[in-house]
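> Next come the chains, spelled out residue by residue.
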Amino acid sequence: MDRQDTTDYEDGNALAGPLGELFTADVTAAAGRCAGCGHTALVADLRVYTHAPGLVARCPNCDAVILRLLRAPDAAWLDLRGTVYMRVPLPPA
Amino acid sequence: MARAAVPGRLKAPLTWQAARLVGLRDETPSARTLVFDVPGWSGHLAGQHVDVRLTAEDGYSTQRSYSLASAPDGDRFELTVQRVPDGEVSPYLADVMEIGDLVEIRGPVGGWFVWRPAEIRPVLLVGGGSGIAPLMAMIRTRRSLGSHTPFRLIYSVRTPEDRYYASELRTPQPGDGGLEVTHLYTRHTPEGWPRPAKRLQLADLQTHGWPPEFEPVCFVCGPTGFVETAAAQLVALGHDPRQIRTERFGPTGG
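Chains as they are written, first to last, in UniProt numbering: chain A, 1 to 93; chain B, 1 to 254.
Hints listed in this document are in silico derivations from the structure and should not be mistaken for laboratory results.
Backbone N, C-alpha and C define an ideal beta-carbon position, used for all residues, glycine too.
Careful, some of the hints might be misleading.
Simulated coverage check for chain B against chain A, where a stretch passes if three residues somewhere in it have a Cβ under 8 Å from a Cβ of chain A [what the hints assert, rightly or not]:
(1) 198 to 211
(2) 218 to 225
(3) 239 to 248
Using C-beta positions, here's what the derived DEER-type ranges look like [claimed, not checked]:
(4) B:241 x A:21: 47 to 57 Å
(5) B:145 x A:78: 11 to 21 Å
(6) A:87 x B:161: 40 to 50 Å
(7) B:159 x A:38: 19 to 29 Å
(8) B:86 x A:53: 16 to 26 Å
(9) A:80 x B:177: 19 to 29 Å
(10) A:40 x B:86: 32 to 42 Å
(11) B:240 x A:63: 37 to 47 Å
(12) A:37 x B:175: 15 to 25 Å
(13) B:20 x A:73: 18 to 28 Å
(14) B:188 x A:40: 20 to 30 Å
(15) B:37 x A:73: 36 to 46 Å
(16) B:212 x A:8: 48 to 58 Å
(17) B:211 x A:80: 21 to 31 Å
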């Protein structure tokens, strides 16, 4: 298995609060496609690192960065270049 | 409760609110349950969590996430905090906070790692250490609703002294019919315990979990290593990976 030996990460459930400042829908149940390897994972299953400034979420398949979120005093910076798309389940309109 | 019952539909993005400590009780020598009151609390789904923020006088702030451990109960909810050595948040919550003190919380959040009572599949709960907290919210919610959904809990801890909610899980409460509880120990067992101290094994999940043919929904929570091992074991036993919901607390689990 090509996994890192260390397990010093949490998962995408940790993004629920920070992304909840930006989105009204729950994103932990959203599916995101990795721009690096094409793997589709639930946000809840992303590897989330909280030690760096901001939050970094990596693909559980290839470890590429899928998203970054940095909360500044007057803004939130959301970098989604590692995500091809995100599919967010919503109740019927 | 309509807002909480419809996943994903919220009126406005959540922001920080003041929560007042109204009760506390020690679960173990290193873990404490805190009872908070938030006027107008919207209630929560079992499995959700809140973010807790502490701000120092110089403006430095830090936050951690804690699972809601209680069933919905009006303006009140409970968190169980494990004291992490040299932690930035847990020592304050577990040792310093007093009744009447306020802390900032944001939530409830999380729509994936949630047990919805309308779901009739049997439920397998696999908890490691502090990972029992959101699973306990599920057990308590089930009890409060008089749900008949079959529940099995497998709770792995280091020693008997490390068990959270020990008396509550040892003695079935009214409403717990259909809940089966298995404790596993990784370092020291009670006197005469048939299973030697060791980590969670495939055989433990096979013996004390549900057969894959029952198509249970599985919730696995605890330190990251524990969760990933247990989830892989469940898949190896034949469980559908899409029915395994995980919450990783990080390397220490605190």
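> Could you run down the list of hints and mark each one as holding or not?
We went through each hint and held it up to the structure:
1. 198 to 211: That given contact is violated, which follows from only 0 residues of the segment 198 to 211 of chain B lying within Cβ reach (below 8 Å) of chain A.
2. 218 to 225: holds (count 3)
3. 239 to 248: Check passed, 4 qualifying residues.
4. B:241 x A:21: 47 to 57 Å: violated (31 Å)
5. B:145 x A:78: 11 to 21 Å: violated (38 Å)
6. A:87 x B:161: 40 to 50 Å: holds (45 Å)
7. B:159 x A:38: 19 to 29 Å: violated (45 Å)
8. B:86 x A:53: 16 to 26 Å: For residue 53 (chain A) against residue 86 (chain B), whose Cβ atoms are near 20 Å apart, the range 16 to 26 Å holds.
9. A:80 x B:177: 19 to 29 Å: violated (47 Å)
10. A:40 x B:86: 32 to 42 Å: Because 38 Å falls inside the window, the suggested range holds.
11. B:240 x A:63: 37 to 47 Å: Violated, at about 25 Å.
12. A:37 x B:175: 15 to 25 Å: Violated: the Cβ-Cβ distance is about 47 Å, outside 15 to 25 Å.
13. B:20 x A:73: 18 to 28 Å: Cβ of residue 20 (chain B) to Cβ of residue 73 (chain A): about 26 Å, so the range 18 to 28 Å holds.
14. B:188 x A:40: 20 to 30 Å: violated (43 Å)
15. B:37 x A:73: 36 to 46 Å: Violated: the Cβ-Cβ distance is about 29 Å, outside 36 to 46 Å.
16. B:212 x A:8: 48 to 58 Å: Given about 31 Å between the Cβ atoms, the range is violated.
17. B:211 x A:80: 21 to 31 Å: About 41 Å separates the Cβ atoms of residue 211 (chain B) and residue 80 (chain A), which means 21 to 31 Å is violated.
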